[in-house]
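Undergrad: Sequence:
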Amino acid sequence: MKRRHEALIPLSHHHYHGLVIALKLQNASKEKGRWTLEEIKQDTQRFWENGGAAHFREEEEVLYPTFSRYSRIEELPEMSQILLEHVQLRAMFSQLINHEGQEDIPLMHAVGTLLKKHIRTEERVIFPLIQESVPEDVLKRISSHFSAHEEIYNKG
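Numbering-wise (this note's numbering), the sequence shown opens with residue 1071 and increments by one.
Hint data in this document are derived by calculation from the structure and do not stem from the laboratory. Not one of these hints is a red herring.
Simulated pairs of lysine-lysine, BS3-like, Cα-Cα distance not exceeding 27 Å:
{"#": "1", "residue 1": "Lys-1186", "residue 2": "Lys-1102"}
{"#": "2", "residue 1": "Lys-1210", "residue 2": "Lys-1072"}
{"#": "3", "residue 1": "Lys-1100", "residue 2": "Lys-1186"}
{"#": "4", "residue 1": "Lys-1187", "residue 2": "Lys-1100"}
{"#": "5", "residue 1": "Lys-1187", "residue 2": "Lys-1072"}
{"#": "6", "residue 1": "Lys-1186", "residue 2": "Lys-1072"}
{"#": "7", "residue 1": "Lys-1186", "residue 2": "Lys-1094"}
{"#": "8", "residue 1": "Lys-1187", "residue 2": "Lys-1094"}
What follows is a list of derived Cβ distance ranges for each label pair:
{"#": "9", "residue 1": "Trp-1105", "residue 2": "Arg-1211", "range": "39 to 47 Å"}
{"#": "10", "residue 1": "Ser-1138", "residue 2": "Asp-1174", "range": "31 to 39 Å"}
{"#": "11", "residue 1": "Arg-1142", "residue 2": "Arg-1116", "range": "33 to 41 Å"}
{"#": "12", "residue 1": "Arg-1104", "residue 2": "Tyr-1140", "range": "41 to 49 Å"}
The beta carbon of each residue, even a glycine, is placed where N, CA and C say it ideally should be.
Please construct the entire structure, taking both the sequences and the accompanying hints into account.
TA: Dropping the structure here:
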């Protein structure tokens, strides 16, 4: 497996935090567990509001348009799926965060499952394709955009 390009490392670091949230959401239960439902909800909200939504925008507004200039992304079913998942995850995070006092365990599990799948696809399929397609100088040029936001990403 090829090493992650330095331009994408801030995004990969945030993916790590997303996987932690996904694990918590997938393990949400009314039974006594490692985390209470309220802790999981608070952590999820903090993740989304302190970098999750911004992370999606960075990918949609900077990374994927750059990728599309050097690759035929319309021929990649994974790329269409990733963008669809962004829409689905935005709606799911909003629903989860904005339902005060409700313990929607099935929704927590669904968000956790989709978030984990989404991150794995980006890390294992999309990012390697980006590294192969986008020239080094272009990756370096966009890297400043992601590294400038790394502090925000890592608050989650």
